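Given these sequences and hints, build the entire structure.
Chains as they are written, first to last, in my numbering: chain A, 1 to 315; chain B, 1 to 269; chain C, 1 to 543.
Bear in mind the hints are in silico, worked out from the structure with no lab data behind them. Since this is a predicted model, take the numbers as computed values, not measurements. Ideal Cβ positions, reconstructed from N, Cα and C, are used throughout, including at glycine. Heads up, a few of these hints could be off.
What the hints assert, rightly or not - Ranges of calculated distance between the beta carbons of each label pair, as one might list FRET restraints:
1. C:Y370 - B:G50: 28 to 38 Å
2. A:V119 - B:S133: 38 to 48 Å
3. C:V464 - A:Q54: 16 to 26 Å
4. C:D528 - A:D58: 41 to 51 Å
5. C:A178 - A:D58: 39 to 49 Å
6. B:L171 - A:P62: 50 to 60 Å
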Amino acid sequence: MARFLLRRLGLVLPALWLVSVLIFALAEIVPGDVARTILGPYATPEQAAALRHQLGADRPVPVRYAAWLGSFVIGRWGDSMVLHRPVRPFVLARLQNSLALALIALICVVPISLGLGIVAGLNEDRPVDTAISLIGLSLTAIPEFVSGVIVLVVFGVRLGWFPIIAQPPPGAGPLERIHDLLLPSIPLMLVLFGYIARMARAGMVEVMASGYIRTAVLKGLPLRYVILRHALRNALLPTITVIGSQVGWLVGGLVVVETLFTYPGLGKLIYDSAVGHDVTVLEATALLVAAIFMLSNLAADLLVALLNPRVRYSD
Amino acid sequence: MPGRLIRNAAFLAGGAVVVFWIFAALEWKVITPYDPFAVGPAHPLAPPSGAHWLGTDDLGRDVLSRVLAGAAPVLTIAPTATLLSLLGGTTIGLVAGFHRGLLDDVLMRLVDAVMSLPVIIPATVVLALVGRSTTNVILAIAVLFSPLVARTVRSAVLIEREREYVDAARLRGDRGLFIMFFEILPNVTSPLIVEGTVRLGYAVFTAGTLSFLQLGIQPPSPDWGLTVAVERAFVQIAPWTVLAPALALASLIIGVNLAADGVRRALAE
Amino acid sequence: MNDSDLQHELGQHLREELLAGRLSRRELFRRATVLGLSAGTIAGLLAGTGGGPARAQAPPSKRGGTLRVALVPPTAAVDPVTMYDAGAIAMVQQVAEYLIWAENDLSLRPVLAQRWEPDASGKTWMFTLREGVRFQSGQAVTADDVVATFDRLTDPQTKSAARSNFKGILSKGNIEKAGPLKIVFHLDRPFVDFPYLVSSTNYNAVVLPASYAGDFEQHPVGTGPFTLAAYAPKETASFKRNPDYRQPGLPYLDGVEFRFFAETQPQVLALEAGAVDLMVATPFQGSQALFADPNVTILLTRSSKHRAVHMRADAAPFTDKRIRQAVALCLDRGKIVEGLFQGRADVGNDEMFAPLFPGAPAIPQRTQNYDRARQLLREAGAGTELKITLTYEVYQEVPQYAVYLQEMLRPAGISVTLDQMTQGAYYGSGGTQPWLQVPMGITDWASRTVPSQFIGPAYTCDGVWNSAHWCDPEFDGLAKQYDATLDTGSRRAIARKMALLQQDATPAIIAYWIRAPRAVRKRVRGVDASGSDFLDLTRASLA
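Next comes the structure, spelled out in structure tokens:
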């Protein structure tokens, strides 16, 4: 187990390095350049070229990459070329916001969707199952930007129960934070619900169909005990994998939700810096999200191994 | 007995819905009450009425006609992209989950690296390398979704490979590839189908969102994903413009799911 | 303050024109302000010519309160010299001021300049600064600061886009300090509308201290009614009342809170919910809910904002002007205005003299005429099926306009393929700038105060933003003449010739001039709409 862990962690670094190279190379292909972002479309090509030269953005890609990598690995994340501010505090603040939102969404949705998914799996093909499955399916047909707007209009504007702008005032207590962040987390919850519930259900159905349960019951164990200790564990496995893979999206992929709810998170920052060619910011944010993504996948894999004694990680 | 009836009814209902949308995709020119592309500047965002059963959109076009005609691009892009991503993802997941060890780790880290890139980057790369077209929307979506499928499949494979039948197959002398595709794969279909139906819905909206990154589907296509992405700005005063394509998509997904369930059950019996 | 002899002479000439019915009161007023005539003189010129109702006395405004404003964020670090986007401009305009402010009716109001006058050739302009104005840092505003400001903007090394506005008109080093509060501008060529170039129209031209070092965010210094108290990029900006503002008693507000939103929709929702009080720019498409909201007032004003649908005169298939005319004849402009703005736009006539510009010549309005269009296409040998690609950016109502164009060109046998791009891709960079290269494209043009500011860059042979690559030496000559003619009557005749020429050549379709809406909650007072989406909160108050 320890060797497995070490090897996985050891591979994270090269993977992150690969991500940094890919980002740099691919950002070249996105149309536009940083000088235009700063000066706008009406500056003359000469003015744009002069600024590009001033910023060092006209050096060859490998040179720029090496320069960036050199300072990044020693902890100097540099300044945003576009905003003239140090990258690190800016990005970390956004990270904090994204993590808060992801946490609230997960805390609310996982118990509900897991529970309902298990209930559906236990009652396969009965009306309860049909109802839960259909609702889950329908919710996957509604993208988060649609449910987001509906939620905003109904609960924010018409009813006024929640603030339109998801920004808790500084010094707000945890309950107030949850209240202010509830609106943007609802569309996320709706998206995840269908996915998680269906996965849990499928896992339950699989396990129930196998002879495992029957054998255990024949051995004399009470049904409820069997279900809770064994079936549940196996139903959780694909669910955990799903959640692990969604964390990356929850933290770094919520461009539209962040736009709609005016939430200063990482998703919008990544998008803006990619489009604006603000490479120092883009690299820092993308690497952060990649690291979180890989670590959450690792955690999910570990949990799966812990829960399923059959899944052992050979050395 | 009642379970059986419900199952049959569900399968029939699902199948009917899917057939309806296929019919709409093929014959929209005949069945739409208005030309889905004809603009009506005199009455944009009109609520449902006798003249327009589902109202009009921001350009005064009949929503019902556009939803019907939208089945065509949707059924071209989404299922193809989903199938491709299932193919690609399953292969990677099978290989990684079965072989384990270094191959697994390296493969999955590569998958992780691609997955963690912000969506705009791979999308724009596909565009730059191969130009803008429907084919490339499909490719881009397949590339974006394969990693997720791979993860799910791999996770299921990890469990399956420990089962006795795999050991039995090994003892019989079956080769790795054979075991992967003929022994393990059939047993991971359950999560795979869930993944597939979820991805299907997502494919439609990803296609619509990608259009804002200048990839693929161009206006004035009545594609449901594109429609929702555009009409979202008007949901407050004209919710029908968004609800109609969203409900159409929901019905399609549910229909596909019910029909697929029925087929799977029939095969199992 | 006395006007010069020349100014008196010009003023009298204007009055003659007015009395002869060749000039409207509004035009006289505008022209007089541009020429730098004092208020007293202008009143005299207008005397006895039948005025409109006197301006209603506004009720006394309540002091205090913080106004919450919704707008898009600045795209980059805020620097008055290089800013080009609405967010940065709005921020800078709370803190800094111009020599002159251009009103919505295009008349000019003295701000930091107290008065100005041209010489007879229109090539030399003398400006006198207001006395006793201080920057927020405490130092006094002197001619040195103004000279430095304009030297900065005309410097060949500057990154400011404003340099293009001065190209061929004002060069660095030709701004002379003629006294502690007097400046003389020596122009390269006669330009009778020069005061516009040093006004708010040229939005980079805020007056900054001579020592300004490009660090506005760290040291936001200006003469404006508010000071920048805090700024969190992409999130919020807070402004506090400037207690030493040059106009005693103003501003009424204690402070202003900017809240940045990336899109229109969340701004609309925030205004409806009362989370903000004012939305700086309210494009009709997407804000329809506000136009029917009882708690919201919509301020509206004419502007010269438009969308130019250019057709490259040097590329197939538009080399033959008959084809360009045919395309223009397919449009039902009234329907387009109805569909896109519910009527809140003025119909355009494929020339640059917008209805907003006083002295706009009245030439026959182009209307939809399919028969004529088909005939022209036949004559030009285009056959019955012409295929073209229309490239455009996703910006406000432009995508919808593109679809309307596509549909309206169909009955003439022209099939249009739409090529939609993000704004960034459409403007591009380096060697790829679609807006200047595609055969047919839709480009958004923000307000300008004089037609020359459109014509120069976009429709002259040397124009840097001439998307249509149209070159007509006769038109160029007329344009130069127009800029150099002081006499209003002659100017109008030249304008008429230019308009007819351009309409006939149709390098671009100008189908509408947008009226700029601005949505505010009912409790907001003292704010006007702005043709350029500028935000002047000097007299704003909350009821």
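Assuming the hint says 41 to 51 Å, is it satisfied by the Cβ distance from C:D528 to A:D58 or not?
holds, 44 Å
Can you tell me whether the CB distance of C:V464 to A:Q54 sits inside 16 to 26 Å?
About 21 Å separates the Cβ atoms of C:V464 and A:Q54, which means 16 to 26 Å holds.
Range agreement (Cβ of B:G50 with Cβ of C:Y370, hint 28 to 38 Å):
holds, 31 Å
Can the suggested window of 38 to 48 Å be confirmed for the beta-carbon pair A:V119 and B:S133?
Once the Cβ atoms are compared, 45 Å apart, the range 38 to 48 Å for B:S133 and A:V119 holds.
That 50 to 60 Å hint for B:L171 and A:P62 (C-beta), does it hold up?
holds, 53 Å
Does the hinted range 39 to 49 Å hold for C:A178 and A:D58 at CB?
The hinted range 39 to 49 Å holds for C:A178 and A:D58, with Cβ atoms some 42 Å apart.
Comparing the model with each earlier hint shows no violations; every hint is respected.
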